[in-house]
Amino acid sequence: MNTNIKHEETVTKVMEALESIKPFLNRDGGDIELVDVEGDKVLVKLIGNCNGCPMSFSTMKLGVENTIKQYAPEITEVLNVE
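Counting in the numbering used here, the sequence shown runs from 151 upward without gaps.
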(Lines of atoms letter the chains of each structure in order from A and count residues from 1; the text may use other names and numbers.)
(Lines give C-alpha, C1' and ligand atoms only; values in the text may rest on other atoms or scores of the structure.)
Protein backbone atom coordinates (compact mmCIF):
# COMPACT_ATOMS: atom_id res chain seq x y z
CA MET A 1 0.00 0.00 0.00
CA ASN A 2 1.16 3.50 -0.80
CA THR A 3 2.69 5.07 2.32
CA ASN A 4 1.01 8.39 1.59
CA ILE A 5 -2.45 6.83 1.41
CA LYS A 6 -1.81 4.94 4.65
CA HIS A 7 -0.68 8.18 6.33
CA GLU A 8 -3.80 10.01 5.12
CA GLU A 9 -6.02 7.21 6.45
CA THR A 10 -4.29 7.42 9.84
CA VAL A 11 -4.68 11.21 9.94
CA THR A 12 -8.38 10.85 9.10
CA LYS A 13 -8.88 8.30 11.90
CA VAL A 14 -7.01 10.53 14.36
CA MET A 15 -9.17 13.52 13.36
CA GLU A 16 -12.32 11.42 13.95
CA ALA A 17 -11.00 10.41 17.38
CA LEU A 18 -10.31 14.04 18.30
CA GLU A 19 -13.79 15.10 17.14
CA SER A 20 -15.27 12.50 19.51
CA ILE A 21 -13.21 13.90 22.43
CA LYS A 22 -13.80 17.62 21.81
CA PRO A 23 -17.26 17.85 23.45
CA PHE A 24 -15.81 16.63 26.77
CA LEU A 25 -12.93 19.11 26.61
CA ASN A 26 -15.23 21.95 25.46
CA ARG A 27 -17.49 21.30 28.45
CA ASP A 28 -14.54 22.16 30.71
CA GLY A 29 -13.58 25.21 28.63
CA GLY A 30 -10.78 23.47 26.78
CA ASP A 31 -10.06 22.10 23.35
CA ILE A 32 -7.52 20.07 21.44
CA GLU A 33 -5.99 20.45 18.01
CA LEU A 34 -3.98 18.09 15.88
CA VAL A 35 -0.46 19.37 15.26
CA ASP A 36 0.95 16.47 13.25
CA VAL A 37 1.03 12.72 12.75
CA GLU A 38 4.61 11.46 12.47
CA GLY A 39 4.71 7.75 11.73
CA ASP A 40 3.09 6.09 14.75
CA LYS A 41 3.15 9.23 16.92
CA VAL A 42 0.45 11.88 17.16
CA LEU A 43 1.30 15.42 18.23
CA VAL A 44 -1.57 17.41 19.68
CA LYS A 45 -1.96 20.70 21.49
CA LEU A 46 -4.28 21.13 24.45
CA ILE A 47 -5.74 24.62 24.46
CA GLY A 48 -7.97 26.74 26.66
CA ASN A 49 -8.49 25.45 30.18
CA CYS A 50 -6.88 22.12 29.27
CA ASN A 51 -3.46 23.74 28.74
CA GLY A 52 -1.58 23.55 32.03
CA CYS A 53 -4.48 21.99 33.91
CA PRO A 54 -3.25 19.60 36.63
CA MET A 55 -5.47 16.91 35.11
CA SER A 56 -4.14 17.44 31.58
CA PHE A 57 -1.62 14.59 31.87
CA SER A 58 -4.39 12.14 32.83
CA THR A 59 -6.65 13.60 30.16
CA MET A 60 -3.92 13.04 27.57
CA LYS A 61 -2.96 9.51 28.61
CA LEU A 62 -6.34 8.10 29.61
CA GLY A 63 -8.74 10.04 27.44
CA VAL A 64 -7.01 11.26 24.32
CA GLU A 65 -4.40 8.55 23.80
CA ASN A 66 -6.80 5.67 24.49
CA THR A 67 -9.45 7.13 22.20
CA ILE A 68 -6.99 7.74 19.38
CA LYS A 69 -5.68 4.17 19.72
CA GLN A 70 -9.25 2.84 19.47
CA TYR A 71 -9.72 4.68 16.19
CA ALA A 72 -6.16 4.18 14.90
CA PRO A 73 -4.48 1.13 16.51
CA GLU A 74 -1.28 1.83 14.54
CA ILE A 75 -0.61 4.84 16.80
CA THR A 76 1.72 4.04 19.69
CA GLU A 77 2.14 7.41 21.36
CA VAL A 78 0.30 10.72 21.73
CA LEU A 79 2.33 13.74 22.76
CA ASN A 80 1.15 17.16 23.89
CA VAL A 81 3.24 19.96 22.42
CA GLU A 82 3.24 23.34 24.13
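These are calculated hints, taken from the structure and not from any lab test. Remember, it's a predicted structure, so these values are computed and weren't measured experimentally. Note that beta-carbon positions come from the ideal geometry of N, C-alpha and C, so glycine has one too. Some hints could be false.
Simulated pairs of lysine to any residue, SDA-like, Cα-Cα distance not exceeding 25 Å [claimed, not checked]:
1. K191 to M205
2. K156 to G180
3. K195 to A222
4. K156 to N176
5. K163 to S206
6. K211 to N176
7. K172 to G198
8. K163 to G213
9. K191 to G213
10. K195 to E158
11. K156 to G179
12. K156 to M205
13. K211 to N152
14. K156 to G198
15. K195 to G179
16. K156 to K191
17. K211 to L193
18. K156 to D186
19. K195 to N152
20. K156 to S206
21. K172 to T153
22. K172 to H157
23. K172 to N152
24. K195 to G180
Label-pair distances were calculated between CB atoms; the ranges are [what the hints assert, rightly or not]:
25. S208 to N154: 32 to 38 Å
26. E183 to L212: 16 to 22 Å
27. S208 to E169: 16 to 22 Å
28. M205 to H157: 29 to 35 Å
29. N154 to N199: 17 to 23 Å
30. N152 to M205: 37 to 43 Å
31. T153 to L212: 28 to 34 Å
Query raised in the report: What are the numbers of the hints that this structure violates, sorted from low to high?
Result: The structure breaks hints 2, 4, 11, 12, 13, 14, 19, 20, 21, 23, 29; every other hint is satisfied.
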